[in-house]
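Below, each chain spelled out in residue letters.
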Amino acid sequence: MRRTIVSGVLALAALGLGTAAIAADEPELKEQHWHFKGPFGTYDRAAAQRGFQVYKEVCSACHSLSLLSYRNLEQLGLNEAQVKGIAAEFQVADIGDDGSAIERPARPSDRFKAPFPNELAAAAANGGKAPPDLSVIIKARSGGPDYVYSLLTGYVPYEQLKPEQIKEFNVQKDDNFNLYFPGHRIAMPPPLADGKVNYVDGTKNTLDQQVRDVVEFLAWASEPHLEDRNRTGIRVILFLLAFAGLIYGVKRQVWADQH
Amino acid sequence: MASQHGAPPVFNNRVVAWIDHRLPIFSYIEKEYHTFPTPKNFNYFWNFGAIATVMLVLMIVTGIVLAMNYQPNSELAFASVERIMRDVPSGWLMRYMHMTGASFFFAAVYIHIFRGLYYGSYKAPRELLWILGVVILLLMMATAFLGYVLPWGQMSFWGATVITNLFSAIPVVGDSVVTWLWGGFAVDNPTLNRFFALHYLLPFIIVAVVALHVVALHVHGSNNPLGIDPKGPQDTVPFHPYYTMKDGFGLTIFLIIYAGFVFFAPNWLGEPVNYVQANPLVTPNEIVPEWYLLPFYAILRSIPDKLGGVIAMFGSIAILFVLPWLDTSRVRSCTFRPIYKWFVFVLVIDVLVLGYCGAHPPEGGFVIASRLATIYYFFHFLVLLPILGKIERPLPLPPSIADAVLKKKAV
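Read top to bottom, the protein sequences are chains A and B. Position one of the first sequence corresponds to residue 244 (the numbering used here), numbered consecutively onward. Position one of the second sequence corresponds to residue 511 (the numbering used here), numbered consecutively onward.
Simulated from the structure, these hints should not be mistaken for laboratory data. By construction, the Cβ of each residue, glycine as well, lies at the ideal position given by its N, Cα and C atoms. One thing to keep in mind: the hints can contain errors.
[Stated by the list, open to error] To spell it out: a stretch of chain A is covered by chain B in this simulated footprint if at least three of its residues, at any positions, have a beta carbon under 8 Å from a beta carbon of chain B; those stretches are:
| id | region |
| --- | --- |
| 1 | 317-326 |
| 2 | 477-484 |
| 3 | 488-499 |
[To be verified] Calculated lysine-lysine pairs in the DSS-like style (CA-CA distance at most 30 Å, straight line):
| id | chain 1 | residue 1 | chain 2 | residue 2 |
| --- | --- | --- | --- | --- |
| 4 | A | Lys494 | B | Lys918 |
| 5 | A | Lys405 | A | Lys416 |
| 6 | A | Lys494 | B | Lys917 |
Input sequences plus hints: build the corresponding full structure.
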């Protein structure tokens with residue numbers, strides 16, 4: 244029996260090692276405590292709503308959020324009227340009843356309006372490369388929320404760089420240096436700073452607060468069903484544990500005459 | 511269990527009896543899954559065949575539901591997967607079950623293969639059973655690769671590019687073959703279309719081969735940890751309820767671990783960059799397959815020559831087809847093979863090393879390590895196995911399964 248256990252452990256180790264191996268040598272991320280981490284995690288609605296404000300007032304100038312509709316904001320605790328109001332602030336292209344091209348206020352069922360009409364326009368307005376869409380950005384970066392947090396708080400002004408950093412990464416005076424961005428020179432200038440967004444709920448608008456809030460919002464945007472997933476998961480596992488106990492009992496009973 | 515030894519079953523239900531008289535499916539189920547005499551000494555390694563079967567069914571069911579909502583078009587594929595995740599009721603559950611299910615299907619099958627290696631389940635008279643298993647493994651790898659392309663993320667696209675390009679190593683016709691596979695001059699919409707069609711087709715071929723695998727299994731019955739044949743009823747128990755209950759328990763434990771990943775770490779086994787839509791103009795820093803293909807990827811990259819690498823990679827699986835004839839020992843189970851049993855573990859470590867190397871860029875130490883590990887992999891099958899069978903002195907085999915089981919209890 245001991246032999247079978249040992250070999251079982253070895254076989255499982257085969258699964259573990261292969262994946263654990265995929266970690267590159269990047270600067271260590273600033274690991275944060277997130278409200279949505281862990282099997283009981285939920286989104287902090289207030290933080291995510293503030294994060295939406297940060298996205299709307301700052302990020303959305305360049306970054307699209309193409310997979311989300313305005314109606315999705317109801318999940319964050321906004322009511323129908325509020326969502327209608329937010330959507331109506333944007334004009335979207337449509338086709339009128341007579342077939343002509345028209346512009347109309349957005350409805351809750353519309354996708355978030357992108358800042359640029361297409362990717363070429365986005366690239367042309369941003370030095371040749373379109374700013375990435377943020378819909379799944381938290382899942383699309385290794386390190387997830389910690390990476391985005393570190394990036395947004397990881398800018399170092401040119402004056403504070405060490406000479407060897409300037410030399411190694413060939414940093415020019417008007418480059419943006421970011422500790423966590425691969426290659427360090429990032430096209431995006433520091434988007435947030437202390438006092439940038441004035442929160443409607445009166446929360447103190449430090450850089451850290453704004454970044455934490457926008458990450459909470461983007462995490463929700465990336466994985467809107469996380470809470471449902473966690474709840475279902477706990478129920479499923481509790482059921483399976485109970486079932487395992489039951490079937491183990493039956494198995495013992497059945498095998499009793501063989502032992 | 512009166513009908514255990516040959517008497518045809520009598521059905522009290524008249525409808526069942528009527529059908530069975532014309533189409534003996536109930537007799538078949540009775541014979542193969544109820545009274546089927548099964549060695550009484552299985553350990554929990556023998557659960558993994560049943561577990562793999564359940565995973566196959568789970569993959570097909572979730573896959574069909576996903577296919578109802580997926581768009582195999584390079585412009586729409588990425589967004590349609592996200593639509594499944596966001597707007598299709600329980601779509602996120604189907605998608606995460608399918609995505610994580612692939613990993614767990616492979617995990618179950620790899621443990622199942624290890625079981626076969628350690629207990630000599632591939633030896634006479636089960637050579638064809640084993641060969642059918644290797645065919646299933648190959649089909650699974652193809653299906654997994656094709657499926658990974660469908661979300662049309664960065665790793666989907668570049669994985670497809672790297673793997674299809676392997677065929678360009680074929681002398682003379684290589685480039686034409688690649689163009690033919692792509693349906694064009696690059697991985698593009700036609701490639702995605704056909705990959706989707708094939709990804710839907712192959713699982714049903716797997717089902718057919720699994721059916722043959724099970725038919726072949728039921729000719730001589732299962733091997734067992736002692737590797738000796740049952741000599742009579744005292745060595746066996748009916749499959750049901752003994753092994754249905756034992757498999758049920760093992761399966762439930764397996765599903766608990768699986769559910770842990772599906773619900774609490776669904777993306778842990780995947781590459782984040784696959785959540786970036788495919789872009790033919792931007793190559794990811796590293797192109798790596800999913801964990802279950804890493805050892806073979808390492809073998810591919812360990813050979814400095816492209817054609818050589820491709821041959822070595824396919825050879826590493828092809829060699830399994832002739833395993834029953836490479837192993838010259840007459841004893842099946844490693845329980846009685848004092849030397850070889852350690853080399854089975856060395857082989858496992860070797861494959862782990864290959865997997866580790868496969869996950870890293872082929873530079874410095876990883877190149878040397880993957881080359882040594884590749885050499886050892888082939889050395890194990892081509893040199894060690896044939897020679898060990900001749901020189902190793904196996905321990906004495908017990909006279910019967912019942913005898914061994916009773917003796918173990920007495921200790």
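Claimed coverage, the region 477-484 of chain A by chain B - three or more beta carbons nearer than 8 Å: The restraint on the region 477-484 of chain A holds, since 5 of its residues have a Cβ under 8 Å from chain B and three suffice.
30 Å Cα cutoff - pair A/Lys494, B/Lys918: holds, 21 Å
Straight-line alpha-carbon gap A/Lys405 to A/Lys416, limit 30 Å: holds, 13 Å
Per-stretch coverage check for the region 488-499 of chain A, three Cβ contacts closer than 8 Å to chain B: Held - the region 488-499 of chain A has 6 residues with a Cβ nearer than 8 Å to chain B, which meets the minimum of three.
Given hint B/Lys917 paired with A/Lys494 - CA-CA distance at most 30 Å: It holds: about 23 Å lies between the C-alpha atoms, which stays within 30 Å.
Verdict on chain B covering the region 317-326 of chain A, criterion of 3 CB contacts below 8 Å: This one is violated; 0 residues, fewer than the three required, reach chain B with a Cβ under 8 Å.
Hint 1 from the earlier list is the only one contradicted by this structure; the remaining hints agree with it.
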